[in-house]
Structures are given as C-alpha cells and as structure tokens.
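Whole structure, please, built from the sequences with the hints as guidance.
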Amino acid sequence: MNSNQDKQSKVVEYLRELDGISTHSMFGGIGYFQGDAMFLLVYGGKTYLRGGGELSEQFRQYQCQQFAFQKRIGCARVEYFEIDDLFDARVMTLRCY
1 MNSNQDKQSK VVEYLRELDG ISTHSMFGGI GYFQGDAMFL LVYGGKTYLR
51 GGGELSEQFR QYQCQQFAFQ KRIGCARVEY FEIDDLFDAR VMTLRCY
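If you read the sequence shown in the UniProt record's numbering, its first letter stands for residue 1, the second for the next number, and so on.
Among the clues, some could well be false.
[Stated by the list, open to error] Straight line, CA to CA, 16 Å or less: simulated EDC-like cross-link-like pairs of lysine to aspartate or glutamate:
(1) K46 - D85
(2) K46 - E13
(3) K46 - E79
(4) K10 - D85
Don't read these hints as lab results, they were simulated from the structure.
Given below as structure tokens:
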C-alpha cells in the first residue's frame, strides 16, 4: 500500500465510525454523502474534502490541490481539495454537525 492509500484508509476508517454516511460512484471515484449532500471524494488514491467560501480559501492557504475532473470537452474544477496530508498531520480539526 502506498503512502496516499494509507492516508486515505485513515480518513475512510474515521468515516466508518459515523452514522448516516452513504457512498456512490462519482467522477470516476467514490463520493461520501450525508443525506443528499456529497462532502468527500476518494479518487485516484487521494481524498478530497468539499470546500466552499472561507474553507476553500483555507485549503488554498495550506496549498491543498483542488480536484479537477477531466471531461471530454475540457476540465471542470469543483470545490473539493485534497486533505490527505492535513488529516495525517492533524493540521485541521474535522467536525461533524
């Protein structure tokens, strides 16, 4: 198992402890949902957390890579940012409400 897969496993293990989380295929990876809202994407051995507003700016300050989905006609950027290093280093505190 490579380093990214090991970190990804830590995030997924954490999510397994929570109630009400479902998964669906999204963007060629696995999307994690609370109700109808997707908040996490696992794709290509990396884990991406949904941003938005100030959270996206914080992810950019930490130099988190933004997820880009390759479409036939171009590339679509969505507000999901790679968090494997942040989760591993415990730079951020993830809270579920």
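| message | Taking the earlier hints as the rules, which of them does this structure contradict? | response | none
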